[in-house]
Amino acid sequence: MSVVEQLLPSNRYLESFEMPDINQLVSNASDVIAPVWPLKTFIAVNPLQGLENLPFETAVIRSHHYRTANEDGNSGRESVNREMIKWCSVFFDQGQATIPMPHREQGLYHAFVQLASYDSRLLQESGSKVFLEALPSSAEEAILQCLEELKVPNADWEDFIRQSFAALPGWSGYVKWREHWQNPSESRICPSSLIDYVAVRLVLTRLLWPDAAESIDVPVKVPSYLRELPIAEKQFREELLRHILLQVERIKDCEQQRPDAQLVFCIDVRSEPFRKSIEAQGNYKTLGFAGFFGLPIRVSCLGHEHSHDSCPVLLKPAHEVSEIPFDVDSPMVRRNRLGLRVNKLKTSLYQWLKYNFATPFALVEMVGPWLGLRMFAKTYAPSLLKQAIEPIRQNLIPEIDAIPDLASISWEKQADYGESALRMMGLTNDLAPLVVLCGHGSTTNNNAFASALDCGACGGNHGGSNARALAAILNSPRIRLILAERGLTIPEDTLFLAAEHNTTTDEVSIFGACASPDHQSAINNLRRDLAYARSVNASHRCKTFDLPLHRDPVAATKERSIDWAQPRPEWGLARNAAFIVGPRDLTDQIDLEGRCFLHSYDWSSDDEGRYLTTILTAPMVVAQWINSQYLFSTLDNVAYGAGSKVTKNIVGKMGVMQGNASDLMHGLPLQSVYSSDDDRHHEPLRLLTVVYSPRHRVQSIIDAQPVLQKLLFNGWVSMVVIDPTDRNAHLLERDGTWQRVN
Amino acid sequence: MLFSFIGVPWFHTDQLSWIMATLIVFVVANILAFSRRYLAGDRFRGRHLRDVTILGVTILIMAFANHLLLFLAAWGASNFILVRLMIHKPQWPAARSAGTLALKTFGLGLFFLALGFWFVAQGAASPSIQQINSAPSETTSPQTTVGLLLIALAAMTQSAAWPFHRWLMSSLNSPTPVSALMHAGLVNGGGFLLTRFAPLYLHQPFLLHGIFIVGLITAVVGTSWKLIQPDIKRMLACSTMGQMGFMIMQCGMGLFAPAVSHLCWHGLFKAYLFLNVGSVVHEHRSNAHHHGSSTKALMLAGFAGFVGAGAFASVSGLGVNFEDTSCLMIVLAFIAGAQLSVGVSRLQPLAWQLASTPLLAALAGSLYGFSVRLIDTILAPLHVMKPQPIDGIYGLGVIFICLLWMLFNAKSAARLRSTEAWKTLYVSSLNGSQPHPATVTANRTSYRF
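In order, the protein sequences belong to chains A and B. Position 423 of the first sequence, counting from 1, maps to 940 under the working numbering, and the rest follow consecutively. Position 439 of the second sequence, counting from 1, maps to 658 under the working numbering, and the rest follow consecutively.
Okay, chain A solo, but in the shape it has when bound:
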């Protein structure tokens, strides 16, 4: 017995006893899990996020240790896990079950307590019912009581709770997401907290695994990949730097000819190969910028009932933007609305019969024949089916041009957003007649992980709406006037266009281009060149899918995007490895193979380093989240990934389980990072950041930003700075010193 324990009164429920801060314990213990986003807005996150303040190796070993503690096959722990999965899956259900768990609105712990005493699985021992019925009304007290009754030594409480979290890191991580990241207005149907989760878990442990405190410590093991990582990273870094340093020599400051168009793409690694393809088609310049275009907005799209946050999860949306039809009175708009209503009615009638009693018996015979035919068409001729259905759909629900309603953002604020976007990417001089702001999104069919392929900067959504909004801002004469006052003149003949890059098919759709005749021909040329760039890029990508060379690459990629049997419609951000901050001249002659996030930055127009600070603390951090998710999903797909799509099961419309029931399988599915069960497609490498800027500027930013110190000095990200003034490259060591690498 420790000294502390001896000092404690024997009856710990006396009021004189000072209750340990359960909140603090739970919060500390939750460092072992990372928030798990629901499937609809799948956000890449470092599964070791809570341990980022530790050196990388320590964090990996620690996380590995907690997650493999389960491997002893202890039947008590397994029973607790099973019951936990059972209750969590009914409690957190987001609309799969027709009849929800009773009393959900009272919160996880209370709803559980209400039902637990009816659960025969928990009442196997005498006294269980009494125990359940006498549970305290507060979750904190329940935790305390269970820890006592389980005879966990005081000093081990935090660690015991940590183990409780680590036993099912997916489910507990989902609760962590709800507690810290979910929009509070959306959590009302089933409120929950980590405290609730721990309370339920400990009550179950007390009943089903009373000797849990005696579980044996497993020896600490070091996963083998820790040794292999630095070697591969060094190799990659040296190779990349060799190419970039060659380019640095060639950067000239001389005036360049005005391009026909400038295209701004998301920093997403999938933009890079496409940018290269379009640059080759004409006098085009491309830039890279976070795909939400700096607009922290919540968007409600035309034809969608619900609005969504369209900005990085690190930001809270500051404005609501709704999209409205370009021409409200057009008959097309009326037809569109009617079509959508009929469609909705059809769906709800079907569901009305399906999720009911007795009616499903007749329903299956009504729709069985048609679903059989549909199955055949979708399996054997997805493209043909699409070709047949698309014109009909277009006819019934015609697409209409949308424009954003920016009334909720003041003119000044709009000007701020416009200015900082242009300045941050260094697009202040030589604006072309056309500036295309190109968001991105994916189109896939029957893909539970679809939003993992969408724009991460837009919170796992398509980025077109943000592009539309910024284009509208920058085209507004009033905004241009304000910007001119601030010393940022946009040429009168410059037109901003919004577009969206479909990363699955490489199609770029330009939105609502109703331009003056002199722009029209430029737009037509651009459309033609984009189509050509698409086929060039598609044929590159077909090679990564091992498709036969004789297939038309455009048709092949298109077919993948509509094929319901396709587990790998596109490779997403697989193979990502580096984040490059600098002008495009630094990289435009290099084949980066779609492995780099490219953020445009002009050091010479950022005297105070303000924009670089933003770039390094926001987009780079997002890139690190993405990178870590791919890294860990590849290194250990069972512990940190979602497992194979072949046996996936979707629970509560929000997460994936394997088979009958399991932990919530967070992370990326096997098929996103492996080309086969045994072969990796993604090469696991920690993020390398390359910055083209004076070194002292980067140094002072790091000195001022704890988040950068945490990531850089603990080895989560490595950084190379190429100083434009002397063209020397330095690698930042983890002790904070710089080592020259050229």
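In case anyone wonders, no lab produced these hints; they're calculated from the structure. It is possible that some hints are incorrect.
Listed next, the in silico BS3-like pairs over lysine-lysine satisfying Cα-Cα at most 27 Å (straight line) [stated by the list, open to error]:
no. : chain 1 : residue 1 : chain 2 : residue 2
1   : B       : K515      : B       : K630
2   : A       : K871      : A       : K861
3   : A       : K861      : B       : K630
4   : A       : K863      : B       : K515
5   : A       : K557      : A       : K603
6   : A       : K603      : B       : K642
7   : A       : K861      : A       : K557
8   : A       : K863      : A       : K557
9   : A       : K603      : B       : K323
10  : B       : K515      : A       : K861
11  : B       : K630      : A       : K863
12  : B       : K630      : A       : K871
13  : A       : K871      : B       : K642
Taking beta-carbon pairs under 7 Å as the criterion, some of the chain A residues facing chain B (in silico) [said to hold, decoys possible]:
no. : residue
14  : T585
15  : V607
16  : D610
17  : V881
18  : N963
19  : S1179
20  : D1180
Glycine is no exception: its CB is placed at the ideal position from the N, C-alpha and C atoms.
Use these hints to put chain B onto chain A, whose structure you have.
Below, chain B without anything else, positioned relative to chain A:
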């Protein structure tokens, strides 16, 4: 007698064989093409595709088998192959356990079937299905009755009827296409088996009633469980259980042809839904619950119900007859029509609602009638459509289903949900529908791909 081979043809072809063969070839062809892409990169894709093909062949043999031994062999083989397909990744303990559980149930089924066949063959003094079925009714021996009872039990294990349902609830560690194949093919084995021996069952009212009751329990339990499931695949499994219960009920009512119709169309329906599970994340559920139980709405619902029932009766060619069990489907068509009218009750303006309600009900009734008629017509020469006269048990069963439907949709039912009884019912349903503990991946690290 089971082992006499002289003068007994191995195969016999009839309309039922062709229907089953068409269904299985269609489904297997879809699954093969789907799996070829879906399992790309999977270590066992080759074996999976091979097994699916073999499975198709064994089921085809079963569909055309005439000799009981051949039927039995094909039955056993197809189930064995199915278990292999289900396990898929043998290094994953939960998948192995699920396979073992299925194998045990199928083993029991095979035992029932073998014994049942032996009795039936003794009774009819022939192992030829054709001859057994054409035996005149007066000669029904006790042996045949025992045999038919055992065969019915085998059918229950195969179609996951209560109390043999657990293997199906625990079968979702299988690859998605295997689930699709299973729910469209193998679980229907029970319905096929009963229909195969329909001419004999039609002379066994006692057995028919037993089958009906088991079917009814399964249908009620499966459909209720389905409504509380939070994950898509188990919801589909519970739904299949309910549908199989309904199919067995139909068999028990002498409605063998509609049972086959149900088996086919449900098979396609369920296969599609399984293959399409990835889409469920983006499916928006409309919350059109519990509104509009005003007198006007109820009258409209009743009217729509009559329209639906009428459309069904005329399109299916069954007519309206409440003296025999074919009224079951008339009642269902009525329920579907009435339900649809509640579904459009929010439609504005009122004229639209009034116009669309009977139209939708008529459409629904006709679609249902069409599906049933198609299969009935094909099976007509087999004379397996013999609705039984309504008696207490059948009547109560049909009324019970109607009552549950009304209770589920009644506004006041929402109030029940805070009672003790509801909690007890909820938790026991939740526990009842859980997979076998050994088939749950309780520890994440025990998952293997």
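Verification of the hints:
| no. | hint | result |
| --- | --- | --- |
| 1 | K515(B) x K630(B) | holds, 15 Å |
| 2 | K871(A) x K861(A) | holds, 15 Å |
| 3 | K861(A) x K630(B) | holds, 24 Å |
| 4 | K863(A) x K515(B) | holds, 23 Å |
| 5 | K557(A) x K603(A) | holds, 22 Å |
| 6 | K603(A) x K642(B) | holds, 15 Å |
| 7 | K861(A) x K557(A) | holds, 20 Å |
| 8 | K863(A) x K557(A) | holds, 23 Å |
| 9 | K603(A) x K323(B) | holds, 25 Å |
| 10 | K515(B) x K861(A) | holds, 24 Å |
| 11 | K630(B) x K863(A) | holds, 23 Å |
| 12 | K630(B) x K871(A) | holds, 19 Å |
| 13 | K871(A) x K642(B) | holds, 24 Å |
| 14 | T585 | holds, 6 Å |
| 15 | V607 | holds, 5 Å |
| 16 | D610 | holds, 4 Å |
| 17 | V881 | holds, 4 Å |
| 18 | N963 | holds, 4 Å |
| 19 | S1179 | holds, 4 Å |
| 20 | D1180 | holds, 4 Å |
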